[in-house]
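Taken in order, these protein sequences are the chains called B and Y. Each residue of the first sequence is one higher than the last, beginning at 1 in this note's numbering. Each residue of the second sequence is one higher than the last, beginning at 1 in this note's numbering.
Errors might be hidden in some of the hints.
For identical chains, the list gives no copy identity; a pair is met inside one copy or between any two copies.
[Said to hold, decoys possible] Heads up, simulated BS3-like pairs for lysine-lysine below, C-alpha to C-alpha not over 25 Å straight-line: (1) K153 - K49; (2) K29 - K153; (3) K49 - K270; (4) K270 - K226.
Hint data in this document are derived by calculation from the structure and do not stem from the laboratory. Owing to the predicted nature of the structure, the values given are computational and were not obtained by experimental measurement.
2 protein chains.
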Amino acid sequence: MTEINKNKSLEELGEFGLIDHLTKDIQLKNPSTVKGVGDDAAVLDYGSKQVVVSTDMLTEGIHFNLMYVPIKHLGYKSVIANLSDIYAMNAHPKQITVSIALSSKFSLEAIEELYSGIHLACKNYGIDLVGGDTTTSLTGLTISITVLGEAEKDELVYRTGAKPNNLICVSGDLGGAYMGLQLLERENEVFKVNQHTQPQLEGYQYILERQLKPEARKDIIQIFRKLEIKPTSMIDISDGLSSEIMHICKLSNTGCRLYEDKIPMDNQTKAMAEELNINPIVAALNGGEDYELLFTLPIGDYEKVKNDPDITIIGSISDANEGTNLITTGGSAIQLQAQGWNSVK
Amino acid sequence: MTEINKNKSLEELGEFGLIDHLTKDIQLKNPSTVKGVGDDAAVLDYGSKQVVVSTDMLTEGIHFNLMYVPIKHLGYKSVIANLSDIYAMNAHPKQITVSIALSSKFSLEAIEELYSGIHLACKNYGIDLVGGDTTTSLTGLTISITVLGEAEKDELVYRTGAKPNNLICVSGDLGGAYMGLQLLERENEVFKVNQHTQPQLEGYQYILERQLKPEARKDIIQIFRKLEIKPTSMIDISDGLSSEIMHICKLSNTGCRLYEDKIPMDNQTKAMAEELNINPIVAALNGGEDYELLFTLPIGDYEKVKNDPDITIIGSISDANEGTNLITTGGSAIQLQAQGWNSVK
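Next up, chain B with everything else stripped away, as it sits in the complex:
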C-alpha cells in the first residue's frame, strides 16, 4: 500500500484507498482473528467458545456535538461504548467492525483523527479491527460499530438471573458523564455568544474525562475472576441506572430497593450539580453515559466485595410485588422511573 499524500482529497483517494489507508497499520493481536480487513468478510476462530455480539450506532447532532467533542475522543468513546456491552455479559471483547458515513465537510485529517481514537481504544483493550464500511452521507457523521467477543458458556451472565435478597452492586461512580456534558454545553453556549472567551473547565477534569474519554470496565470482569465471583445478572448502565435496574427486575421477575445514600458519586459530580442547580441523584439515576456495570450477587459474596474500592453495594433485590424502589436518605420509598431514551424529535 502506498503512502497517502495528506492533501489528497477523499474523492481522489476513493473508498478502497481510504479503507486501505485507515487500516494499513493494523497488527492483529488475537489468535482468534484468522483474517481481518481485506476480503468479503473477516474470519474468526473461537474454538469451542461462545460468540458474543453487540452493536451501537452514533449520529452527529444526537449522540455527539463536534463543537466540543474532539473527534479523536469520539472515536475512542465509540469503541468503549461497544466494549462495555460485552463486559456486561461477563465476556471478553476481541474484534470490532467500524462503519462510518461522512459528508464532504470532513477532511482526511479529521477521519484520520477519528480512526486514531478507534485504534487507540483497540490497542488499550487488545481488540482487532477486522472490517467495516466507509461511505458518503449527505450530512454529518454516523458511526456504527459491532463488537464480537468470546466466553465459555458457563461464564456468561444475562439480565435474567437476579434473585430476591441478592446484593445490587455498581462499579465506579455515577452521574459524572452527565455533569461533564452539562459543563461542556454551558461553555459552548458561552462561546457561541463571545468567541473570545476561554472555556472555564478548571477543577472539572474528572467529569470532563467521564464524558469525553470514558473507559470500559474490563477490570471488573478481571476482579470477578480473581474473587471467584459470578454475578447472577449484569447490565451495562450507560442508559442510566434507573432504567437498567428496571430492566434487570423485569427480566428477572423481581423488585428492588436502591438506597439513595449508597449511590457512588464523585465530588466533582456533586460540585457541578450544585453549581448548575441540578439534583445530583437525578444525574446518577438518569444521566447516562457512565460506562459502568450494574450487577447482582448472592448475599454470600458480601465479604468478597464489601471492601473493593471499585465496587459499591447500592441495594438489594426484592420480590416482584414490592416494585422497583429508591429508598431516599429520609427513609421514604419512591418508585423508580425509566428515562433512558433520547426521544425522537
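We have chain B; now place chain Y onto it with these hints.
Below, chain Y alone, put in the same frame as chain B:
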C-alpha cells in the same frame, strides 16, 4: 409485550418500545443462536466452526432514493447485500444485527415496512435477527447491518487463491441492476416534471427486480457442494465486475483475460441500454449492484460447470505480467479499469 397502536408516535413509543415492537415476533431459527435480542449482546454457539463477519452501511440519498425505492424493498435489499458477502466466502450466513438511524420524517408505519422487508429476507434465507440499535438522526435514514456466518475451516474461499489457467466464472447475469436504476431515475425525472404521468416500466420487470429486490446466491454455494467444487478464489461482485476481478488478480498476484462476448447479460439489460444509448458492456463491467459471485476454478472443473445454467465461464487467469485485460469481441485487449466507488461529493 403490548400491542402497539398504529397511530402512536415514535416519540411516545420510545427506543425500547420501538425495538420491542419491531422484534417481538422473531422466532429464532438457527441452533447456533443461543440468545437473540434482549440482553447487552447476542450469544451464538458455532461449535468448532469458524465465524465469518461482514458489515455494510447504506445512507439515504447516496445508496437509495425513497422517491422510487419502496421502503420494504430497501429493507430486503439491505439484508441481501450483506448475505452476498458471506456466500462470497463460501460460508453460511446465520445471524444479522440491524442498526438504523432515522429522522422524524419517518412514521412508525414506514419503519414497520422497512422491517417487514428485513424480516422477509431473514425468513427466505434462514437468518436470525439477533440485535441492533435504533436511534434518531437529524436527517434521513441510515441502515447498518452486520452479518455473521459459519464455515468449516477448509470450506472457506478467500480472494487470494487464483492461479494462472484457472477458469473465471460468474453467476447469473450482469448489468441488470444498473439498467434498472437508470430506468427508475429516468421515470422519476419525468414524474418530477409532470406528476400526472404514470411511469413507463412495462417490459422491464426483470431489470427492475434486479435493482429493487435482488437475491443473494445461496444456490451457487449449494451447487458447489453438489458438484464437489471448491473455488480457488471468490468475491462478491456488487461493486462491479471490473473492480472485483482486479481485486482477485491483485491479491492472488495474477493477471486475467475476460472475454467481452462471454459476459452474461439479460435481453432486458441490452434493450434498456440501447434505449438509453449506453454501452451494455459498461453496465456489466462497472454498473454494480448485481449480487452475483465471481470465482475461479481449476481447469479440471470445466466439465462440471460448462452446462450449468447459473454459471458462465467468462475468461481465464493469466500471469501477473500479462495484466488485467478485457478481450473485445473484435479480438483486441483493453486494460480493465476499476470504477466501483460512489465518489465522495
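Okay, the hints, checked on the actual structure:
For the homomeric pair K153 and K49, the shortest alpha-carbon distances inside one copy (7 Å) and between copies (16 Å) are both at most 25 Å. Taking the shortest alpha-carbon separations for K29 and K153, both the intra-copy value of 23 Å and the inter-copy value of 20 Å come in at or below 25 Å. Proximity of K49 to K270 under the C-alpha cut-off of 25 Å is found in neither arrangement, the shortest distances being 43 Å within a copy and 51 Å between copies. Taking the closest pair of Cα atoms, K270 and K226 never come within 25 Å of each other, the shortest separation being 32 Å inside a single copy and 68 Å across copies.
Of the numbered hints stated above, those contradicted by the structure are hints 3, 4, listed in ascending order.
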